[in-house]
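Model the placement of chain B on the given structure of chain A, informed by the hints.
There are 2 protein chains.
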Amino acid sequence: MRSVHRVSARAGIVVTGTEVLTGRIQDRNGPWLADQLLELGVELAHITICGDRPQDIAAQLRFLAAEGVDLIVTSGGLGPTADDLTVATVAEFCGRELVLDEAMEERIAAILRRLMGDRPGVDFDAVRAANRKQALVPVGAEVLEPVGTAPGVIVGGSPTVLVLPGPPRELQAMWPAALATEAVQQAISGRTRYRQETVRMFGLAESGLAETLREAQGSIPGFDALEITTCLRRGELEIVTRYEPDGADAYRELLALLRERHATALYSEDGSTVDEQVAALLAGRWIATAESCTAGLLAARLADIPGCSDYFLGGAITYSNEAKAELLNVDPVLIAEYGAVSEPVAESMVTGALHHFGADTAVAISGIAGPGGGTPDKPVGTVCFAVRAGSVAITRTLRLPGNRSDIRERATTVAMHLLRRALAGVDD
Amino acid sequence: MRSVHRVSARAGIVVTGTEVLTGRIQDRNGPWLADQLLELGVELAHITICGDRPQDIAAQLRFLAAEGVDLIVTSGGLGPTADDLTVATVAEFCGRELVLDEAMEERIAAILRRLMGDRPGVDFDAVRAANRKQALVPVGAEVLEPVGTAPGVIVGGSPTVLVLPGPPRELQAMWPAALATEAVQQAISGRTRYRQETVRMFGLAESGLAETLREAQGSIPGFDALEITTCLRRGELEIVTRYEPDGADAYRELLALLRERHATALYSEDGSTVDEQVAALLAGRWIATAESCTAGLLAARLADIPGCSDYFLGGAITYSNEAKAELLNVDPVLIAEYGAVSEPVAESMVTGALHHFGADTAVAISGIAGPGGGTPDKPVGTVCFAVRAGSVAITRTLRLPGNRSDIRERATTVAMHLLRRALAGVDD
Numbered sequence: 001m002r003s004v005h006r007v008s009a010r011a012g013i014v015v016t017g018t019e020v021l022t023g024r025i026q027d028r029n030g031p032w033l034a035d036q037l038l039e040l041g042v043e044l045a046h047i048t049i050c051g052d053r054p055q056d057i058a059a060q061l062r063f064l065a066a067e068g069v070d071l072i073v074t075s076g077g078l079g080p081t082a083d084d085l086t087v088a089t090v091a092e093f094c095g096r097e098l099v100l101d102e103a104m105e106e107r108i109a110a111i112l113r114r115l116m117g118d119r120p121g122v123d124f125d126a127v128r129a130a131n132r133k134q135a136l137v138p139v140g141a142e143v144l145e146p147v148g149t150a151p152g153v154i155v156g157g158s159p160t161v162l163v164l165p166g167p168p169r170e171l172q173a174m175w176p177a178a179l180a181t182e183a184v185q186q187a188i189s190g191r192t193r194y195r196q197e198t199v200r201m202f203g204l205a206e207s208g209l210a211e212t213l214r215e216a217q218g219s220i221p222g223f224d225a226l227e228i229t230t231c232l233r234r235g236e237l238e239i240v241t242r243y244e245p246d247g248a249d250a251y252r253e254l255l256a257l258l259r260e261r262h263a264t265a266l267y268s269e270d271g272s273t274v275d276e277q278v279a280a281l282l283a284g285r286w287i288a289t290a291e292s293c294t295a296g297l298l299a300a301r302l303a304d305i306p307g308c309s310d311y312f313l314g315g316a317i318t319y320s321n322e323a324k325a326e327l328l329n330v331d332p333v334l335i336a337e338y339g340a341v342s343e344p345v346a347e348s349m350v351t352g353a354l355h356h357f358g359a360d361t362a363v364a365i366s367g368i369a370g371p372g373g374g375t376p377d378k379p380v381g382t383v384c385f386a387v388r389a390g391s392v393a394i395t396r397t398l399r400l401p402g403n404r405s406d407i408r409e410r411a412t413t414v415a416m417h418l419l420r421r422a423l424a425g426v427d428d
Numbered sequence: 001m002r003s004v005h006r007v008s009a010r011a012g013i014v015v016t017g018t019e020v021l022t023g024r025i026q027d028r029n030g031p032w033l034a035d036q037l038l039e040l041g042v043e044l045a046h047i048t049i050c051g052d053r054p055q056d057i058a059a060q061l062r063f064l065a066a067e068g069v070d071l072i073v074t075s076g077g078l079g080p081t082a083d084d085l086t087v088a089t090v091a092e093f094c095g096r097e098l099v100l101d102e103a104m105e106e107r108i109a110a111i112l113r114r115l116m117g118d119r120p121g122v123d124f125d126a127v128r129a130a131n132r133k134q135a136l137v138p139v140g141a142e143v144l145e146p147v148g149t150a151p152g153v154i155v156g157g158s159p160t161v162l163v164l165p166g167p168p169r170e171l172q173a174m175w176p177a178a179l180a181t182e183a184v185q186q187a188i189s190g191r192t193r194y195r196q197e198t199v200r201m202f203g204l205a206e207s208g209l210a211e212t213l214r215e216a217q218g219s220i221p222g223f224d225a226l227e228i229t230t231c232l233r234r235g236e237l238e239i240v241t242r243y244e245p246d247g248a249d250a251y252r253e254l255l256a257l258l259r260e261r262h263a264t265a266l267y268s269e270d271g272s273t274v275d276e277q278v279a280a281l282l283a284g285r286w287i288a289t290a291e292s293c294t295a296g297l298l299a300a301r302l303a304d305i306p307g308c309s310d311y312f313l314g315g316a317i318t319y320s321n322e323a324k325a326e327l328l329n330v331d332p333v334l335i336a337e338y339g340a341v342s343e344p345v346a347e348s349m350v351t352g353a354l355h356h357f358g359a360d361t362a363v364a365i366s367g368i369a370g371p372g373g374g375t376p377d378k379p380v381g382t383v384c385f386a387v388r389a390g391s392v393a394i395t396r397t398l399r400l401p402g403n404r405s406d407i408r409e410r411a412t413t414v415a416m417h418l419l420r421r422a423l424a425g426v427d428d
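The listed protein sequences correspond, in order, to chains A and B. Heads up, the first sequence is in UniProt numbering, so the first residue is 1 and it goes up one at a time. Heads up, the second sequence is in UniProt numbering, so the first residue is 1 and it goes up one at a time.
With the rest of the complex left out, here is chain A (with noise of 0.2 Å):
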């Protein structure tokens, strides 16, 4: 990263919960709050995640403070229970009083009688008592309506701070209403409106494009005036540029050099991920899918779009031999000869999918996920897959490093760039 910002708004995240900090939940309101304030042009400059203490909750706050942060977002720590002290600990370092906000305390009583209306042998008022110290907000804070049970607070100043739920369904929902503040406005103000471009890749290795870049860095005039970020994942390489718009022309030329450069590595200039562009692909065809090893990750993949029943039959999952014959009508001689993971099974396995769902596009995968089941022939990662779109048909075999969640979700990745190449039209 190349770093050219005239400092403008700055925010930190602070992310709250003992079960976030000793791993035990994935955080998604960091990544996901991170991606708000970077659409807006903020510079976000740390995430820190702390458990419950308030002790290590007022040191990140003043830690971010003192970095010069113009807005803190919170998130967490607003539940019932005991160990949720987020709304105190800000207050303290607000220097602001905890009232009763008596107002809100019937409203999440209301929300509480509904939501308990339908349990019998619930005690209401225990449960009210247990919500009561949700009701507390600082002095003079502004307070965002629960989407949960739990108000959110902002309390204006150098920095604001705003304090958020830590259920992502309720953080992300309470959003809008918070950026809507004067208070989180005037925090910031100073934003800048920056262009962001990514292209992704799929087949190259990143020392590869390190190379690629060093040469672009040399020859592309106002070439450091692009912050780019790559990211290897899943296989794939993610590009993200950001600039001013006064660096639009170098960025141009970076495109037309990565193009040059990685013409059959390069199949998203605007961001699109493989997922939508086979989505898009598929748009007038039926597809099926045929999986062993993954058992199913391929057609959850598929089916996470919304909208897939346009275009998305089914699946069979056949882990077994008995079920390769009895769904897929693989013929166990087949299996006999080369074995369950070979490009003639997987082959027979694609057949067998468009002919049983009455599909025009199928795919399918076997292969080996491990830990056991590995031979010096096939060693744990290899992975046959067979791609039929219409007249186009790819088959392949590769070897998928990591273990066996990687390989699992690595062979999906591949099927998924197999069969948007096969609708493309790529045959290679």
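Take these hints with a grain of salt, some might be off.
The list makes no distinction among identical chains, and a pair is therefore deemed to hold if it is satisfied within one copy or across any two copies.
[Claimed, not checked] Listed below are the simulated SDA-like cross-link pairs for lysine to any residue, each with C-alpha atoms no more than 20 Å apart in a straight line: (1) K378 x S309; (2) K378 x S272; (3) K133 x E215; (4) K133 x D304; (5) K378 x T192; (6) K378 x A88; (7) K133 x A205; (8) K378 x P306; (9) K133 x C231.
What the hints contain is simulated information worked out from the structure, not anything from laboratory work. Here the structure is a predicted model, which is why all the values come from computation and not from measurement.
Okay, now just chain B, sitting in the frame of chain A:
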């Protein structure tokens, strides 16, 4: 969380990488390292995430040092590209010069030669130049053998800084060697051995648990010596309790109270997950799945367990009505009469799965994941489940909250719990 620690050895984690900070990839290293440190009895105070900007990395190192941690573990920023600056930043923070470790440079070159060996057309010298910076290490630092191409680095002191690579596979593989070093052992020498117990519940609201914990606080002697964290995730409640050895009696009493108050919801006292319990219960059985809205998520989750081929036959993903008829013999008249999302159709899917796969156990899921497809009668989130395990049969219709992806994930979890109950012979 109630804090009762005699603070022993404290650590902080610095996760670097603009792609992580900006949410384009989920950080997996923070949680994994947190888990390792906690198991060692090292108190984890903070995880901080920043981009690849040296001044932000330096600020986080200073923050953690000021908070008095004994050990800082960093992840990321060791790659060949120009934005990877962690080692240089740590060297400056520790007041050490960077020097080229020539022996290490040779070893990295040997690794690259092996990696590149089978790729014609790659300019080896250019790649080697790109990777040379990975052999620059702080004077006097201990160097850990690369797993990918980047060596790890340990700089002893107060705090000791351990620099690890970003790819989770490399970081995890390097951890044992890092832990074995004198410098790290010395940094964590004050660690305490805690006991940690995990209880899991399904189908209980968080405020119900809060009420029980308040009761426990009043009635159980020594309750305050227990450090309890509760976490609601995918409809499951996880309760983790850490305590020093003399808290064992209080924990026993707490567990007895949880059993008494929440007998139906409590399904795990030893931390085992529903996935592990189902895998154990499936020994000697053969299972098949029949999925519509989850489209393979349940099958993929069953197949996530190594060795699942001993009981998992496969599954049918029948997204279209035609596929339900063709693969599972669901009578189209049944669909016309009750709708595809109905208990009779789910039961028919189970029967079809048992028959086609020759299974003795089967699960069917049919639901409306949205965003489209809901009706006043069957709104988005309506999901029908049918389970058969030998002579036990369970059928259920639930209305699940959230967006498309929440509903599909939650439906998969509900199916796992219904399967567990059926296998355990609870047919309520």
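Results of checking the hints against the structure:
For a Cα distance limit of 20 Å, the shortest separation of K378 from S309 across copies, 18 Å, qualifies, whereas the shortest one inside one copy, 36 Å, does not. Taking the shortest alpha-carbon separations for K378 and S272, neither the intra-copy value of 35 Å nor the inter-copy value of 33 Å comes in at or below 20 Å. Taking the shortest Cα distances, K133 and E215 sit within 20 Å of each other only across copies (17 Å), while inside one copy they are farther apart (59 Å). When the C-alpha separation of K133 and D304 is checked against a cutoff of 20 Å, the pair qualifies neither within a copy, at 39 Å, nor between copies, at 41 Å.
When the C-alpha separation of K378 and T192 is checked against a cutoff of 20 Å, the pair qualifies neither within a copy, at 54 Å, nor between copies, at 46 Å. Proximity of K378 to A88 under the C-alpha cut-off of 20 Å is found in neither arrangement, the shortest distances being 59 Å within a copy and 42 Å between copies. Taking CA atoms no more than 20 Å apart as the test, K133 paired with A205 passes between copies only; the shortest distance there is 17 Å, against 53 Å inside one copy. Taking the shortest Cα distances, K378 and P306 sit within 20 Å of each other only across copies (18 Å), while inside one copy they are farther apart (37 Å).
Taking the shortest Cα distances, K133 and C231 sit within 20 Å of each other only across copies (19 Å), while inside one copy they are farther apart (43 Å).
When the structure is compared with the earlier hints, violations turn up for hints 2, 4, 5 and 6 and for no others.
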